[in-house]
Amino acid sequence: MLAVMDLQVHYGGIAAVKGVSFAVEKGETVALIGANGAGKTSTLKALARLLAGYVTTGSIRLAGEEISTLAPHQLIGKGLALVPEGRGVFARLSVAENLTMGAYSRHDKSEIAADLAHIYDLLPRLKERQRQLAGTLSGGEQQMLALGRALMGRPSLLLLDEPSMGLAPLMVQKVFETIRAVAATGVTILLVEQNAKLALETAGRGYVMESGRITLADSAAGLLADPRVRQAYLGE
Amino acid sequence: MDVFLQQVVNGLTLGSLYAVVALGYTMVYGIIQLINFAHGEVVMFGAMISLSVISAAAGSNLPPLAIILAGVLVAIPACMALGYFLERIAYRPLRRAPRLAPLITAIGMSIVLQQVAMMLWSRNILAFPQILPMVVYELAGASISALQIAIIGICFAMMAGLALLIYRTRLGAAMRATAENPEIARLMGVDVDRVIAATFVIGAGLAAVAGLMVGLYYGLAHYMMGATLGMKAFSAAVLGGIGNIPGAMVGGLLLGLVEALGAGYIGDLTDLCQYGTLSAMLETRCADGGNVVLFGSNYQDVFAFVVLILVLVFRPSGLLGERVADRA
Numbered sequence: 136m137l138a139v140m141d142l143q144v145h146y147g148g149i150a151a152v153k154g155v156s157f158a159v160e161k162g163e164t165v166a167l168i169g170a171n172g173a174g175k176t177s178t179l180k181a182l183a184r185l186l187a188g189y190v191t192t193g194s195i196r197l198a199g200e201e202i203s204t205l206a207p208h209q210l211i212g213k214g215l216a217l218v219p220e221g222r223g224v225f226a227r228l229s230v231a232e233n234l235t236m237g238a239y240s241r242h243d244k245s246e247i248a249a250d251l252a253h254i255y256d257l258l259p260r261l262k263e264r265q266r267q268l269a270g271t272l273s274g275g276e277q278q279m280l281a282l283g284r285a286l287m288g289r290p291s292l293l294l295l296d297e298p299s300m301g302l303a304p305l306m307v308q309k310v311f312e313t314i315r316a317v318a319a320t321g322v323t324i325l326l327v328e329q330n331a332k333l334a335l336e337t338a339g340r341g342y343v344m345e346s347g348r349i350t351l352a353d354s355a356a357g358l359l360a361d362p363r364v365r366q367a368y369l370g371e
Numbered sequence: 002m003d004v005f006l007q008q009v010v011n012g013l014t015l016g017s018l019y020a021v022v023a024l025g026y027t028m029v030y031g032i033i034q035l036i037n038f039a040h041g042e043v044v045m046f047g048a049m050i051s052l053s054v055i056s057a058a059a060g061s062n063l064p065p066l067a068i069i070l071a072g073v074l075v076a077i078p079a080c081m082a083l084g085y086f087l088e089r090i091a092y093r094p095l096r097r098a099p100r101l102a103p104l105i106t107a108i109g110m111s112i113v114l115q116q117v118a119m120m121l122w123s124r125n126i127l128a129f130p131q132i133l134p135m136v137v138y139e140l141a142g143a144s145i146s147a148l149q150i151a152i153i154g155i156c157f158a159m160m161a162g163l164a165l166l167i168y169r170t171r172l173g174a175a176m177r178a179t180a181e182n183p184e185i186a187r188l189m190g191v192d193v194d195r196v197i198a199a200t201f202v203i204g205a206g207l208a209a210v211a212g213l214m215v216g217l218y219y220g221l222a223h224y225m226m227g228a229t230l231g232m233k234a235f236s237a238a239v240l241g242g243i244g245n246i247p248g249a250m251v252g253g254l255l256l257g258l259v260e261a262l263g264a265g266y267i268g269d270l271t272d273l274c275q276y277g278t279l280s281a282m283l284e285t286r287c288a289d290g291g292n293v294v295l296f297g298s299n300y301q302d303v304f305a306f307v308v309l310i311l312v313l314v315f316r317p318s319g320l321l322g323e324r325v326a327d328r329a
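Quick mapping for you: the protein sequence lines, in order, are chains A and B. Here the numbering used here is used: the first residue of the first sequence is 136, the next is one more, and so on. Here the numbering used here is used: the first residue of the second sequence is 2, the next is one more, and so on.
In short, the hints are calculated from the structure, not lab data. A virtual CB, placed ideally from N, CA and C, is assigned to each residue, including glycine. There's no promise every hint is true.
Claimed, not checked - Just a few of them, taken from the derived set where beta-carbon distance is under 8 Å, the chain B residues facing chain A:
#, residue
1, Val10
2, Arg177
3, Met189
4, Val191
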């Protein structure tokens, strides 16, 4: 589904991502874990082509097609959606408008309406609040909205950037339950998380990133059992 | 004649024109935080182009309304093209530049457009062909012309149409999303460059109609007419809260009313003869209903800028603005 080869990102003179290669197969959930500043978010942003002002090199193939030369707004049409760090809901648009924006690239009106109903079933809180401005939602509700909005684009590959960030523990559980439910429907997920335990419990495989490089790659169970991971990321 | 009601009528006419022009400033600011100082010149081009078309057709036997319609139908696409051209060649290359650069470019484009208009239409004040018959209605002691009714009606219709576009359509949602966060809008599949271009084009279309109506209302057009008008409409946008669509409408109408009422009363208020002590000192000149007026209605233009200064001092975010702008 996704194959990344030798991806590099430079902010001015600083190399944030120093040549990473990884792959995500169709239908699986893959976690990308690592400490703050390891280059996880830069990697995701590079995949979503949001670093146009900076130097990025390497190859990014989505379902066999090179996407590293496309404009960011063309990616959703190729099936790639990113739920950004900090959620990025449109605070001054209503909940319903946010969800409709998620389907901006689509033109199949009746299908969009059906998907909207489906999202409301999956996330009933959003239905209750559909007329409210998104900025008035709680952090957890905004995360749900960001997730629902991305799903409205019917992505085949969903990139999630720190979905647990800034949320209360109970809300984190709920968000991850939703992520598992989405994964169960066959959507391929690349999950970036600082909460390594939660991420590896959700994913089938994982990569560990350190200072801009991938240093470990294994099944989620393997990583959870690895003493290096246990010591550095699970607080043991 | 009822001065108050009369000035309210005049103020509403003026104010609805300001509001339509102010929308062009506020839409562009809302989406790319740029004050497009050349917007007043787009209004001027709208007036000049429609004047040329109307003058050319004035000799024919066409009904006056058809001639005016022809003028506006040429002016709208021409101004839209001008708005697109401004964005494409002057502002888009500077999208990532420090904010001062596009601002100075906007002032530069404004001067360029004035000079181009001067070369095309001369430096003279041009008379707008008066092909419409003057029809005036009496209304509770004030008079209102058919043209004023038409201007107010058309301006309100355009504002309603724009509100529908922005709050009810796919393009409008994309505009609001881009205004809030262009990067996230891109993730949704919005072609941000096209949305920004569309914003300029829509604002320029409104400006074209406003230009024609200003020309008809005052009966003249001049290559510098966009400067004052533009600054006033900009003041109206700031008064309402720059970047805020309803704010520009409210700000424009309020500014028009302030200006008209100010001009209507400033003569009486600054007539020294009505103040006891002073009138004694000026006895000879005040006798037999004479007066010594300090400021007349030619000070009309001052009011817009007094309002601008007051807003910037006391409420920089404007009447309906939500955040205080810390950007140039």
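Taking the hints in turn, this is what the structure says about them:
Given hint, valine 10 of chain B at the interface with chain A, is violated; its Cβ is 36 Å from that chain's nearest Cβ, farther than 8 Å. At a threshold of 8 Å, the smallest CB-CB gap from arginine 177 of chain B to chain A is about 6 Å, leaving the interface hint in force. Given hint, methionine 189 of chain B at the interface with chain A, holds; its Cβ is 5 Å from that chain's nearest Cβ, closer than 8 Å. Interface hint status for valine 191 of chain B: upheld, as the beta-carbon distance to the closest one in chain A is roughly 6 Å, under 8 Å.
Checked against the numbered hints above, the structure violates only hint 1.
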